[in-house]
Amino acid sequence: MREYLDYIIETIVFICGMLSIVFVVLIFSFLLKEGLSFFKDFSFVKFITNQFWYPSSTPLSFGILSLICGSVLVTLGACLIAVPIGVMSALFIAEIAPKGVRDILKSLVELMTAIPSVVIGFVGMVTVVPLVKNIFNLPTGLSAFSGSIMLGFMAMPTIVTISEDAIRSIPWQYKEGALALGATKWQALRRIILKAAMPGIIAAIMLGIGRVIGETMAVMMITGNAAHVPHSIFDPIRTMTATIAAEMGETVRGGVHYKSLFAIGLVLFLITFVVNFVADLFLGKNKNL
Amino acid sequence: MSKIVIKNFNLYYGNFHALKDVNIYIEENRITAMIGPSGCGKSTLLRSINRINDIIEGVKTAGEINIDGANIYDRNIDVDFLRRSVGMVFQRPNPFPISIYENVAFGLRVNRITSNKNIINETVEKSLKAVLLWDDIKDKLRKSALTLTLEQQQRLCIARLIAVAPRIILLDEPCSSLDPVATRKIEELMMQLKKDYTIVIVTHNMQQAARVSQDTAFMLLGKLIEFNKTDKIFTNPSEKETDDYVSGRFG
Ligand SMILES: Nc1ncnc2c1ncn2[C@@H]1O[C@H](COP(=O)(O)OP(=O)(O)OP(=O)(O)O)[C@@H](O)[C@H]1O
Ligand SMILES: [Mg+2]
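Protein chains in written order, with the working numbering: chain A, 1 to 289; chain B, 1 to 251.
Here chain A stands alone, though its shape is the one from the complex (with noise of 0.2 Å):
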């Protein structure tokens, strides 16, 4: 009877794991299959180096050169802002803060990724967009900063749980170490604990930045959606991710449109698959340390 149910239950679990396999492989070979096929008819090359989309008026327009800039503008802002508070944060809950704060901030931290990102782009939207404009004297607050300080909010919890963990790991001898020899506790942090953390930190900002590009959202509704090669961090901007979701309502199935807005979702995937390979690598590395 035991050996029957162990039986039944192998089975599900292989079926689960199978079928997470399956559904990642059909959304990839979907992906690549209506991807590739627009780069039947239009060169690769030409579309990321483009800068001009026009995908419904005549003459037709497909580059995405403005929207790739758009994205990395807006991550490489929120990068500025989130890694700088993100890593200070995890050094201040690792070894810093008083164990009743440490639990309380923790929580909180954990607490912020649960936010959906529709609601930190409508708060975005009220608080920060307004505020931008007045600060900056600008006709509009909807701009790639606005963005930034609302996507590096979004990848400050990312950054700060995995730093953390990251720090926490090294082993307490070394601190101890660096402490007998005479160093402030601040050397001691920065010199050995930062130092040896570091892979594991590199790999928490690599996977906060993978989460900012793919955001959609808030960016949606924070940027202005200008599709336009920016010229400084306070242009309205529009990313891969906002014009596939704004675009894809419009488009006719199979079109050339719709085919296009898949392409750029490969373009989306090459990118975020590298960012998450390198992240790998260091997490990896980690390890052996």
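Any given hint could turn out to be false.
Derived, one-sided and incomplete: chain A residues facing chain B with beta-carbon distance under 7 Å [what the hints assert, rightly or not]: (1) S169; (2) Q173; (3) Y174; (4) G177; (5) A180; (6) L181; (7) G182; (8) A183; (9) Q187; (10) L194; (11) A196.
Note that these hints are calculated values from the structure, not bench results. Note that the coordinates shown come from a computational prediction; the quantities given were computed from them, not determined experimentally. Where is the CB? At the ideal position from N, CA and C, for every residue including glycine.
Assemble the complex: chain A is given as a structure, and chain B with the ligands must be docked to it using the hints.
For chain B with the ligands alone, coordinates are given in the frame of chain A:
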């Protein structure tokens, strides 16, 4: 005057009274061993001499530890300076996960002793020579310290102390993760270093205490039971507990 004078020293981990009224006079240029059964407070006492116990939450102390006549538990003592003049070697070798060179240079850099590259180079060489490591590793100073063998790592940990020119070296069971051959080599090193430093070593291994030390302290349950010349402790102790312990009747 004795180098280290411990007077009525008490230490509490929260409510736990780990050291009870300890009094010891430790002399310069000698090796003093601390022995006793597990949990008797040897490490605690040793870690009180450079105040590394301060970083543990809930530690309270009473009484004095004087080094060269100054109480290191005085309020206006500079703890970072104290820790650099009282070096410590730990049970498990703990070289930093950076290069061999940077491990030795670490103390010079954090204490702002010098930033002159030539002086740092010289000090690194001198320190590695002092622990007889130089010839083996002079070609791979830029390699990670974690690539060394455990014995070499422990030597490196001693070298990085020597670089900041301490007066006292504390060792907490420095050979417990080493094999017998490596242990003998580290012991020889300690005996060489004795002429320049005051050395205090905690050890579980009574043969080791007998081999390397001139004075021995025997502790039991947080109390110092007996402190005397090593010969006397091992051949003709005054206290019954000491006799029982060194003759292997408990511990
Ligand atoms: N951080 C701490 N918090 C609470 N109690 C502690 C702490 N460190 C040590 N103790 C207790 O203090 C007593 C003395 O510990 P200590 O480590 O000094 O013993 P030891 O003689 O070095 O033992 P061993 O030979 O096992 O290393 C032990 O009973 C131990 O449980
Ligand atoms: Mg101990």
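Check your understanding: So which hints don't hold here, by number, going up?
Key -> 1 and 10
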